[in-house]
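**Student:** Here is how the chains run, residue by residue.
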Amino acid sequence: MAVVFKRPHALKDVSLPYCPGCSHGIIHRLVAEVIDELGVEGEAIGVSSVGCTYNNYLFFNCDMAQAAHGRAPAVATGIKRVHPDHVVFTYQGDGDLAAIGTAEIVHAAARGEKITTIFVNNAIYGMTSGQMAPTTLLGQVTQTTPYGRKPELHGYPIKVCEMLSTLEGAAFVERVSVHDIKNIMNAKKAIKKAFQTQLDKKGFSIVEVLSTCPTNWGLEPVEAIQWLQENMLPAYPLGNFKDKDMEV
Amino acid sequence: MGEKLLMKGNEVIAEAALRAGCRYYFGYPITPQTEIAHYMAKMMPKVNGTFIQAESEVAAINMVYGAASAGARVMTSSSSPGISLKQEGISYASCAELPAVIVNIVRCGPGLGGILPSQGDYFQAVKGGGHGDYKLVVLAPYSVQELYELTVEAFNIADRYRVLAMIMGDGTLGQMMEAVEFRDKEETPDFKKDWALTGTGMNREHNVVTSIYIKPEELEAHNIKLQKKYEQIALNETRVEVYNCDDADIIVAAYGSVARIVKNVIKMAQKEGIKVGLIRPITLWPFPSKAFEKYAQVPKAFLTVELSAGQMVEDVRLAVNGKNNVHFYGRMGGMLPTQKEILDRIKQILK
Numbered sequence: 039m040a041v042v043f044k045r046p047h048a049l050k051d052v053s054l055p056y057c058p059g060c061s062h063g064i065i066h067r068l069v070a071e072v073i074d075e076l077g078v079e080g081e082a083i084g085v086s087s088v089g090c091t092y093n094n095y096l097f098f099n100c101d102m103a104q105a106a107h108g109r110a111p112a113v114a115t116g117i118k119r120v121h122p123d124h125v126v127f128t129y130q131g132d133g134d135l136a137a138i139g140t141a142e143i144v145h146a147a148a149r150g151e152k153i154t155t156i157f158v159n160n161a162i163y164g165m166t167s168g169q170m171a172p173t174t175l176l177g178q179v180t181q182t183t184p185y186g187r188k189p190e191l192h193g194y195p196i197k198v199c200e201m202l203s204t205l206e207g208a209a210f211v212e213r214v215s216v217h218d219i220k221n222i223m224n225a226k227k228a229i230k231k232a233f234q235t236q237l238d239k240k241g242f243s244i245v246e247v248l249s250t251c252p253t254n255w256g257l258e259p260v261e262a263i264q265w266l267q268e269n270m271l272p273a274y275p276l277g278n279f280k281d282k283d284m285e286v
Numbered sequence: 143m144g145e146k147l148l149m150k151g152n153e154v155i156a157e158a159a160l161r162a163g164c165r166y167y168f169g170y171p172i173t174p175q176t177e178i179a180h181y182m183a184k185m186m187p188k189v190n191g192t193f194i195q196a197e198s199e200v201a202a203i204n205m206v207y208g209a210a211s212a213g214a215r216v217m218t219s220s221s222s223p224g225i226s227l228k229q230e231g232i233s234y235a236s237c238a239e240l241p242a243v244i245v246n247i248v249r250c251g252p253g254l255g256g257i258l259p260s261q262g263d264y265f266q267a268v269k270g271g272g273h274g275d276y277k278l279v280v281l282a283p284y285s286v287q288e289l290y291e292l293t294v295e296a297f298n299i300a301d302r303y304r305v306l307a308m309i310m311g312d313g314t315l316g317q318m319m320e321a322v323e324f325r326d327k328e329e330t331p332d333f334k335k336d337w338a339l340t341g342t343g344m345n346r347e348h349n350v351v352t353s354i355y356i357k358p359e360e361l362e363a364h365n366i367k368l369q370k371k372y373e374q375i376a377l378n379e380t381r382v383e384v385y386n387c388d389d390a391d392i393i394v395a396a397y398g399s400v401a402r403i404v405k406n407v408i409k410m411a412q413k414e415g416i417k418v419g420l421i422r423p424i425t426l427w428p429f430p431s432k433a434f435e436k437y438a439q440v441p442k443a444f445l446t447v448e449l450s451a452g453q454m455v456e457d458v459r460l461a462v463n464g465k466n467n468v469h470f471y472g473r474m475g476g477m478l479p480t481q482k483e484i485l486d487r488i489k490q491i492l493k
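Each protein sequence line maps, in turn, to chains A and B.
Sequential numbering from 39 applies to the first sequence in the numbering used here.
Sequential numbering from 143 applies to the second sequence in the numbering used here.
It is possible that some hints are incorrect.
To be verified - Facing chain B, according to a computed beta carbon distance under 10 Å, are these residues of chain A, among others:
hint : residue
1    : F43
2    : K50
3    : D51
4    : G80
5    : I83
6    : A141
7    : R149
8    : S167
9    : G168
10   : T183
11   : G186
12   : M201
13   : S203
Don't read these hints as lab results, they were simulated from the structure.
All C-beta atoms, glycine included, are put in the ideal place defined by N, C-alpha and C.
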């Protein structure tokens, strides 16, 4: 009997601890599938960050480091400079990357650091139980914006891809979503392209993945997918923002 | 020994690191240690190494965390306010048992303070500037020659025990020019880093470098392991210079640049018939308590001289353990004590 579906080798045979309806499981799988397909598991070194995925170093089969809150791009920089021919990636959430780690991600991109960042944007702090993230939408209710995010009090959401794509060192910048099959397939393509960008030594690459957080959004999993489509897609348009391959 | 050169202290630290096989340096500009970064920026490309001027001290120490995780000899340097910023990474790297060398060319604080010499970071260095129960091996050179030798030694200690080692100097040492004699070749033991992140090559289980242990049993066990390691370090790596102490009227405790002044005070005092001894901790942690215990009842009193409000004096008092009086004399803000000031204080104590 032909095997048509199996666990990617780069993902360990463990049950993931994420809440029902959370997108992290899908995104972990996509990263692992890409590592398998590119045949780079033996040379891959990942960096976990702080948040719900703080211990995803346990789930990937490649070598892994765990970084302080927001510092994954700096840690990845140190690793990559020691092993320039290895494949180094970070896996970060929106609080980690776009608040406490803003300086590290901006400068890793500006240096054209040849690493790949998987940036999971679910518009909220998940691990600490639902506070405002830099990517929280205007009007969105969180534990720390109980009356909704108001620009005059809390400022505006940060559009990470738009911001990083202005930097010369960023070679591949794309925003994807994993709310349906078509988008999951697109997300995988982008993640693969990002890793390929690193393998080709073109510069920094990042894929922003719009993600659900039913627990902290206070929604059922199916409602969460609906909410993402209705609210996040207009605020965070999907698409490629930078691809040095396509530049003349 | 080999080549003898006249060099500036900060440059000797950088040269020593290169000779010890350090090929990765990450730093951020701050006075009075910038010559280390300048030297590294110039020399690293020549030895196929990496120099990065990071966006912040926080990023620099995390780049150190990454390079050390990857198995490399790596160094960062800074001065007091910058070292404060690095404390997060220092705590994480200590928990993750990463070997690396950190240089602190101390300036005076608190706050932005000033750029002149100080020893006000003693507590931060030896009592743990970051959160949690961890220790740095803190080496305090007092000459340019020692800056070289102890920097090389710092890398070996770091690799031997998988700890962070700190070189603690001040602007006097960093900016001073003095003769230094380099060995022709450094003896670097082969430290097998089978824990490092080098890629699994698909032929071993994955390695993980982490500082988080969510289960309390595991975290306590890890802490006990760290404490046992620190006990071993205290046993094997304590360094001290005991000078002129055998029949001393008074023993002065001083380290780093202050110990140089005290050595001249000893000569001055001799002419006046006063026997002054010196206990000079070379490792601030582990602290050479045994030397103080041994001489606790020899002199009429102890005097600790520091460029601070009195920090190491607490460890001297703990070591002397009530068996003698321990006095203190300190200057702050970048002011240095003169030999006469120290001698006057000695006479006052002995009166």
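**Student:** It remains to establish, for every hint, whether it holds in the given structure.
**Tutor:** To see whether the hints hold, each was checked on the structure:
no. : hint : result
1   : F43  : violated, 22 Å
2   : K50  : holds, 8 Å
3   : D51  : violated, 13 Å
4   : G80  : holds, 4 Å
5   : I83  : holds, 5 Å
6   : A141 : holds, 5 Å
7   : R149 : holds, 8 Å
8   : S167 : violated, 16 Å
9   : G168 : violated, 20 Å
10  : T183 : violated, 27 Å
11  : G186 : violated, 32 Å
12  : M201 : violated, 15 Å
13  : S203 : violated, 19 Å
The structure is inconsistent with the numbered hints 1, 3, 8, 9, 10, 11, 12, 13, although it conforms to all the rest.
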